[in-house]
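Chemist: Counting in full-length UniProt numbering, the sequence shown runs from 1 upward without gaps.
By construction, these hints were calculated from the structure, which means they are not laboratory data. Certain hints may be false.
Stated by the list, open to error - With a straight-line Cα cutoff of 25 Å, these simulated DMTMM-like cross-link-like pairs (lysine to aspartate or glutamate) come out:
| hint | residue 1 | residue 2 |
| --- | --- | --- |
| 1 | Lys140 | Asp117 |
| 2 | Lys113 | Asp34 |
| 3 | Lys113 | Glu124 |
| 4 | Lys157 | Asp175 |
| 5 | Lys140 | Glu167 |
| 6 | Lys140 | Glu186 |
| 7 | Lys157 | Glu115 |
| 8 | Lys113 | Glu144 |
| 9 | Lys140 | Asp189 |
| 10 | Lys69 | Glu215 |
| 11 | Lys113 | Glu159 |
| 12 | Lys157 | Glu180 |
| 13 | Lys157 | Glu226 |
| 14 | Lys157 | Glu167 |
| 15 | Lys69 | Asp34 |
| 16 | Lys157 | Glu183 |
| 17 | Lys113 | Glu84 |
| 18 | Lys157 | Glu182 |
| 19 | Lys157 | Glu84 |
| 20 | Lys140 | Asp178 |
| 21 | Lys157 | Glu85 |
| 22 | Lys140 | Asp166 |
| 23 | Lys157 | Glu110 |
| 24 | Lys113 | Asp158 |
| 25 | Lys69 | Glu182 |
| 26 | Lys157 | Glu144 |
| 27 | Lys157 | Asp178 |
| 28 | Lys69 | Glu167 |
| 29 | Lys69 | Glu159 |
| 30 | Lys113 | Glu169 |
| 31 | Lys140 | Glu180 |
| 32 | Lys157 | Glu169 |
To be verified - DEER-style ranges, computed between Cβ atoms:
| hint | residue 1 | residue 2 | range |
| --- | --- | --- | --- |
| 33 | Arg229 | Ala114 | 25 to 31 Å |
| 34 | Arg80 | Gly152 | 29 to 35 Å |
| 35 | Arg192 | Arg106 | 36 to 42 Å |
| 36 | Arg80 | Ala156 | 25 to 31 Å |
| 37 | Glu84 | His28 | 20 to 26 Å |
Bear in mind that the values here come from a model prediction, so they are computed numbers and not experimental data. Ideal placement from N, C-alpha and C gives every residue a C-beta, glycine not left out.
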Amino acid sequence: MENFRFKAEPQKRNRQKSGYQPPSVYAHLPPLPDALAPNLLALFCGLNPGVRTAQTGHAYNHPSNLFWKLMYSSGVLPVRCSAEEDRTLPARFNLGLTNIVSRPSRNGAELSKAEMDAGVGALEAKVRRWRPEVVVVVGKSIWESVWRVRHGRAIAKDEFRYGWQDEGENIGVGDVRDGEREEGVEYRDGWRGARVFVSSSTSGLAATLSPAEKERIWSELGQWVEARRAGRDVTPGLVDDLSSSPKTPRSETKCKPE
Numbered sequence: 001m002e003n004f005r006f007k008a009e010p011q012k013r014n015r016q017k018s019g020y021q022p023p024s025v026y027a028h029l030p031p032l033p034d035a036l037a038p039n040l041l042a043l044f045c046g047l048n049p050g051v052r053t054a055q056t057g058h059a060y061n062h063p064s065n066l067f068w069k070l071m072y073s074s075g076v077l078p079v080r081c082s083a084e085e086d087r088t089l090p091a092r093f094n095l096g097l098t099n100i101v102s103r104p105s106r107n108g109a110e111l112s113k114a115e116m117d118a119g120v121g122a123l124e125a126k127v128r129r130w131r132p133e134v135v136v137v138v139g140k141s142i143w144e145s146v147w148r149v150r151h152g153r154a155i156a157k158d159e160f161r162y163g164w165q166d167e168g169e170n171i172g173v174g175d176v177r178d179g180e181r182e183e184g185v186e187y188r189d190g191w192r193g194a195r196v197f198v199s200s201s202t203s204g205l206a207a208t209l210s211p212a213e214k215e216r217i218w219s220e221l222g223q224w225v226e227a228r229r230a231g232r233d234v235t236p237g238l239v240d241d242l243s244s245s246p247k248t249p250r251s252e253t254k255c256k257p258e
């Protein structure tokens with residue numbers, strides 16, 4: 001009779017379900033500074049720094065994060081850049097970086113809606129102070145917080161779309177407050193706030209949209225950035241009406257929610 005050797009099945013790693021974690025859990029990690037400057041074409045607002053990002057001090061630095069890949073493939077960046085070059089974006093490309101929540105966490109599930117909503121006012125003030133032409137909201141959950149704070153309710157499924165938002169949703173509308181003026185920023189009357197573009201999340205955990213859908217959303221932004229960079233008005237702080245920006249049919253950018 002033959003002897004049979006049975007192989008033991010490999011044990012599956014028991015992944016603990018992620019949930020809210022208080023700031024004290026990651027209090028040992030340093031904060032990630034914003035990358036800001038006057039006259040930005042676009043300010044990219046992410047959710048919050050991940051653990052690796054906080055540890056290294058460079059934005060979107062996890063190997064699975066698609067931010068730097070999509071920034072180049074879409075045309076937003078004319079050259080390939082790495083996370084280590086994040087601090088150079090304002091001076092080299094007139095692009096800035098910030099987050100709706102400043103504290104680090106392992107993922108977005110460890111944040112509360114309350115602290116995300118609390119970050120909306122800070123974002124509005126930041127945009128009012130620095131006056132970028134466009135705010136790119138990097139992920140649906142961030143825009144949900146902005147909408148919730150502004151409208152006092154959750155955004156309906158048929159109200160959400162990726163891409164350009166209506167001008168009534170501009171961020172940073174209003175006069176800058178005393179003591180908040182930045183050198184090099186022209187605070188002219190009639191500034192209507194920064195237009196909003198909602199992109200897909202670049203997190204490796206965001207798998208609802210296909211790679212092609214993500215590329216399509218980011219390409220619409222890249223087309224505008226390329227055109228605006230080539231023919232930008234030297235007058236800072238005044239947002240054009242985007243009439244010269246490439247138009248993408250609503251059906252192409254209204255993808256499945258993340």
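Chemist: Run every hint past the structure and note whether it holds.
Modeler: Results of checking the hints against the structure:
1. Lys140 / Asp117: holds, 14 Å
2. Lys113 / Asp34: holds, 22 Å
3. Lys113 / Glu124: holds, 17 Å
4. Lys157 / Asp175: At roughly 33 Å apart (the allowed maximum being 25 Å), Asp175 and Lys157 break the hint.
5. Lys140 / Glu167: Between Lys140 and Glu167 the Cα gap is close to 18 Å, so the pair holds against 25 Å.
6. Lys140 / Glu186: violated, 31 Å
7. Lys157 / Glu115: holds, 23 Å
8. Lys113 / Glu144: At roughly 10 Å apart (the allowed maximum being 25 Å), Glu144 and Lys113 satisfy the hint.
9. Lys140 / Asp189: violated, 32 Å
10. Lys69 / Glu215: holds, 10 Å
11. Lys113 / Glu159: Given that 25 Å is the threshold and the Cα spacing comes to 20 Å, the pair holds.
12. Lys157 / Glu180: Violated, at roughly 37 Å.
13. Lys157 / Glu226: Violated - the C-alpha atoms of Glu226 and Lys157 are around 31 Å apart, more than 25 Å.
14. Lys157 / Glu167: Holds: Lys157 and Glu167 sit about 20 Å apart, inside 25 Å.
15. Lys69 / Asp34: Holds. Lys69 to Asp34 sits at ~20 Å (cutoff 25 Å).
16. Lys157 / Glu183: Answer violated: Lys157 to Glu183 is near 41 Å, above 25 Å.
17. Lys113 / Glu84: The hint is violated at about 30 Å.
18. Lys157 / Glu182: Violated, because 38 Å separates the two Cα atoms, which is more than 25 Å.
19. Lys157 / Glu84: violated, 37 Å
20. Lys140 / Asp178: violated, 33 Å
21. Lys157 / Glu85: Roughly 37 Å separates the two Cα atoms, so the pair is violated.
22. Lys140 / Asp166: Roughly 16 Å separates the two Cα atoms, so the pair holds.
23. Lys157 / Glu110: holds, 24 Å
24. Lys113 / Asp158: Holds, because 21 Å separates the two Cα atoms, which is no more than 25 Å.
25. Lys69 / Glu182: violated, 32 Å
26. Lys157 / Glu144: Status holds; Cα separation ~11 Å.
27. Lys157 / Asp178: Violated. Lys157 to Asp178 sits at ~39 Å, over the 25 Å cutoff.
28. Lys69 / Glu167: Roughly 29 Å between the alpha carbons, so the hint for Lys69 and Glu167 is violated.
29. Lys69 / Glu159: Measuring from Cα to Cα gives roughly 29 Å; hence the hint is violated.
30. Lys113 / Glu169: holds, 20 Å
31. Lys140 / Glu180: violated, 29 Å
32. Lys157 / Glu169: Roughly 17 Å between the alpha carbons, so the hint for Lys157 and Glu169 holds.
33. Arg229 / Ala114: 25 to 31 Å: At 38 Å between Cβs, range violated.
34. Arg80 / Gly152: 29 to 35 Å: violated, 43 Å
35. Arg192 / Arg106: 36 to 42 Å: holds, 38 Å
36. Arg80 / Ala156: 25 to 31 Å: violated, 39 Å
37. Glu84 / His28: 20 to 26 Å: 22 Å Cβ-Cβ, so the 20 to 26 Å window holds.
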